[in-house]
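Note that the protein sequences, when read in sequence, are chains A and B.
If you want our numbering, it's the position in the first sequence, counting the first as 1, plus 3.
If you want our numbering, it's the position in the second sequence, counting the first as 1, plus 3.
Since no wrong hints were added, every one of them can be taken at face value.
Copies of the same chain look alike in the list, so a pair counts if it works inside one copy or between any two.
Heads up, simulated BS3-like pairs for lysine-lysine below, C-alpha to C-alpha not over 25 Å straight-line:
#: 1; residue 1: Lys71; residue 2: Lys126
#: 2; residue 1: Lys147; residue 2: Lys203
#: 3; residue 1: Lys91; residue 2: Lys126
#: 4; residue 1: Lys95; residue 2: Lys120
#: 5; residue 1: Lys143; residue 2: Lys157
#: 6; residue 1: Lys203; residue 2: Lys157
#: 7; residue 1: Lys147; residue 2: Lys126
#: 8; residue 1: Lys207; residue 2: Lys176
#: 9; residue 1: Lys91; residue 2: Lys120
#: 10; residue 1: Lys18; residue 2: Lys215
#: 11; residue 1: Lys60; residue 2: Lys71
#: 12; residue 1: Lys71; residue 2: Lys120
FYI, nobody ran anything at the bench for these hints, they're computed from the structure.
2 protein chains.
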Amino acid sequence: MTSLAEENYLKAIYKLHEKNGGMVSTSALAETLEVSAASVTDFIKKMAVKKLVAYEKSRGVRLTDTGKFIAISIIRKHRLWEVWLVSKLGFKWDEVHDIAEQLEHVTSEELIENLDKHLGYPKADPHGDLIPDARGRFAKTSSKPLLEYPAGSKVKLTGVENHSNSFLQYLTKNQLSLGDEIMVEAIEEFDETFHVKINKKHQKLLSREVVKNLLVVPL
Amino acid sequence: MTSLAEENYLKAIYKLHEKNGGMVSTSALAETLEVSAASVTDFIKKMAVKKLVAYEKSRGVRLTDTGKFIAISIIRKHRLWEVWLVSKLGFKWDEVHDIAEQLEHVTSEELIENLDKHLGYPKADPHGDLIPDARGRFAKTSSKPLLEYPAGSKVKLTGVENHSNSFLQYLTKNQLSLGDEIMVEAIEEFDETFHVKINKKHQKLLSREVVKNLLVVPL
DNA sequence: ATATAAAATTAGGCTAACCTAAAAATACTT
DNA sequence: AAGTATTTTTAGGTTAGCCTAATTTTATAT
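Start from the sequences and build out the full structure, keeping to the hints where you can.
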């Protein structure tokens, strides 16, 4: 069995690898888990004995297949719970993270499969993050930051890169929701501000920082 | 904040007090929590410092008002989750205990209030146990074991005293469900076997052991 | 290539929640 | 009321997961 601490390490290693690639450093883990580097060194050595990670002294860790599968199944649980919290319990998308963080550690395969069914087998969580299937596989997606699209593009908002409450609340306040159609009318050469039209109706100005964090697919 | 261990102690003390009244003994706690008596002594002393229990050396513990409130709110959470598991996720009543045991420790007032609403403010869990309100108050009930009723009584099945899987499965197999009407046609003087009619249709024989564990209200 | 800075590890310690074995307190039996 | 049995407590110890301070290793800059 994997302990709570182990699960959190696995998830953190998985996410840091997603973000930066390659091995995950002790300091990066210490930072995201908010523990000392010494604790991390200690802990990952024990995880290596359990074959959850491959550890190369002073160089970092990577997940083993087992570790990776467990990490993904925690992410699966987290995202399914987030869907539930928003679609069934009426929470807003900026309110669900901490609760899902607790729920994701509940262990019952049957529970998760029944939850998945209850939710209608959703493909993505409320932030547009893909939900892996029970075998740990993710669907492929072609979503990229809106920033990478040229003027004239017509796209659909499918997710957000940044999950901070302030960003989510900014989007809510500005009536931007997943599924919205975004037409790029012009881009300021100077500061990369985007002039867009949302759902063929509202015109808006989006800063570089915003469009960098909006994930979209071509329409 | 109360730790997982503290919550489990509080719940155990609450339930043992319900069952036996008076102070709860070290050995009874050790038994239900499956830890050594020495560990219990140790732990309840710490809980006493935190004012979760009143501890009288060598005599036992009782809950303080704070401890009692926390215990009841854990029971509230447990029962609400059980309702959810059965009514929304399709679990059977003999499958939900262990999962609810994990879910009950998730901390978010808002989550529980939203769950309560989502479930339509249920009054009882799938075993007929009453669900306390957010302020820790239980509705009054007049339910008693069927064993205490004389021949000729007409009652409604509202709960079970015994929550063991084997008993729950026995009831399922014999098509006895909460809400059923039970008419006591006769009682064997010799062994207190009950001759009953269920929902005005099926005749059944229920052993003393069974009727002792069926909670009913008069009709 | 050497000096310095940064990152990682080692060494030694802490706390929460458990344990066993021995001692003390309480309860039971006659 | 005394002696035995049971329950509870005390004493001392373990493990998981964390800590700080000191040391070693790796990276960076001249």
